[in-house]
Every structure is written in C-alpha cells, then in structure tokens.
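My request is simple: use the sequences and hints to build the entire structure.
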Amino acid sequence: ETGVTQSPTHLIKTRGQQVTLRCSSQSGHNTVSWYQQALGQGPQFIFQYYREEENGRGNFPPRFSGLQFPNYSSELNVNALELDDSALYLCASSDRYIYNSPLHFGNGTRLTVT
Amino acid sequence: SQKIEQNSEALNIQEGKTATLTCNYTNYSPAYLQWYRQDPGRGPVFLLLIRENEKEKRKERLKVTFDTTLKQSLFHITASQPADSATYLCALGDNFNKFYFGSGTKLNVKP
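The listed protein sequences correspond, in order, to chains A and B.
Residues 454 to 567 (the working numbering) make up the first sequence, in order.
Residues 523 to 633 (the working numbering) make up the second sequence, in order.
Hints may contain errors.
Here chain A is said to cover these stretches of chain B; the calculated rule only asks that three of the stretch's residues, wherever they fall, bring their Cβ under 8 Å from a Cβ of chain A [what the hints assert, rightly or not]:
#, stretch
1, 564-577
2, 581-587
Here are some, though not all, of the chain A residues that point toward chain B, as calculated from beta-carbon distances under 10 Å [said to hold, decoys possible]:
#, residue
3, Q501
4, S539
5, L541
One-sided excerpt, in silico: chain B residues whose CB lies under 7 Å from chain A [unchecked claim]:
#, residue
6, Y554
7, L611
8, K620
I should point out that these hints are in silico values taken from the structure, not numbers from a laboratory.
Just so it is clear, CB atoms sit at the ideal spot from N, CA and C, and this is done for glycine as well.
What follows is the structure, encoded as structure tokens:
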C-alpha cells in the first residue's frame, strides 16, 4: 500500500508569484482534500475533489484552485501569492465509499512567501 | 460557522499517568469525530473515530468519549509514555467526509 506523497517538500516564493503543489493519493483512494496549516494552528480545509470535480470548499478565495487527475493524483494552485499564504499545505486522501473514512495525510509542502 | 476548541496550552504529565485532552465544539452537529496525532514536520496520523450515536471507543491504551449534549469529546491515553509526546488534533466530520480541525493540544510526557 503506497501512502500519500507530496512534492516539493519545501518551497520559497515571492509575493505575487504563482505556485503549484502536487499530491499522489494513497492507492485505492478516490477522494483528495487539501488543507492549509499555519504555524501553531490546526489544518484548515481548502477544498475536496472527487471524480475530478471540486466537491466542497472552505473559506478560501478563488486564487486557490485545484485539479484531480484520473489516477487520483492532485494539484493545488495558488495565484498572486500573499505573505499570509506561508504555511504547511497538506494533502489527504480518503475513500468516499467508506463512511467515516479517515484521512490519510502526506507530510506536506512547507511554503514560504517572502 | 463551526468553532472547535482544544486547549492551546501544552499538557505536561509524568510517564505512566493518564493524559486527558479535551475537544469542545459549537455551531455544529458532527456526524462523527476523529482524533489525529501530529509529530513536528509530519502530516497528521489517524488514531480513532467515534460516531454521534456512540458514547465511548477504545483502542489499546487510547479511549475517546463523545457527548453530543455537552458538545465535547475527551481523549485519554493511559499509561502514557515519552513516545506519546506529540500534538493531538480533533476533527469533526460531516456526512460528505469533510473535516474541520481544532488547533491541537501539545502533549509532553516526561520520563
């Protein structure tokens, strides 16, 4: 069983730039969720994808967007980066067909915006 | 919007004692609640799930209670060990597998 992998592990960007973060879901999982975790805080739900479509969104502006591919891998794109976007971005996969399915997280991408 | 509160102060206990962590929530009726462990620089790892119609769940040294009237969950680690030192997160789930996390409580178990 392959776990959730994220790339890159660390990234430094300048304010106003765009960034793409990647996630490979655990095998057999059909749903991917993205979370933003600021230092000392819990993960905040950004959005969830199922069957390549956004299936719920948290309180994040449209400059946060995503994609899910047929192999269930996923991307998170953030445009017009702001300093407050500096955080750990976590990808989590789950199985929609299992009720109460726990989230399986990757170890995240640490994004620093300067 | 929903609010999930965990004690932001670190919990320091002696090895062998029972650690009890609290999760309170408002403006929400979760279908279930999960607890996760997070180590520095790592993603959260699932520990236990409890459904809205369950009062208590156990797994080895872990025990979770869920009181939907008080809107509170308690997470217990018995016979705690230094290896249990980590941040523990509670997460409330809806019927669409979407989760809302608390800010976590850091547990320090001293030998």
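Taking the hints in turn, this is what the structure says about them:
1. Requiring three or more residues with a Cβ within less than 8 Å of a Cβ of chain A, the coverage given for the stretch 564-577 of chain B holds, as 7 such residues are present.
2. Given as covered by chain A, the stretch 581-587 of chain B fails the check, having 0 residues with a CB less than 8 Å from a CB of that chain where 3 are the minimum.
3. With a cut of 10 Å, the hint placing Q501 (chain A) at the interface with chain B holds, because the nearest CB-to-CB distance is about 6 Å.
4. For S539 (chain A), the shortest C-beta to C-beta distance to chain B is roughly 15 Å, which exceeds 10 Å, and the interface hint is violated.
5. The closest approach between the C-beta of L541 (chain A) and any C-beta of chain B is roughly 9 Å, which is under the 10 Å cut-off, so the hint is satisfied.
6. Look at Y554 (chain B): its Cβ gets to within about 5 Å of chain A, closer than 7 Å, so that hint holds up.
7. Because the beta carbon of L611 (chain B) sits about 5 Å from the nearest beta carbon in chain A, less than 7 Å, this interface hint is met.
8. The interface hint given for K620 (chain B) holds, since its Cβ lies 5 Å from the closest Cβ of chain A, which is under the 7 Å cut-off.
Of the numbered hints listed earlier, those contradicted by the structure are 2, 4.
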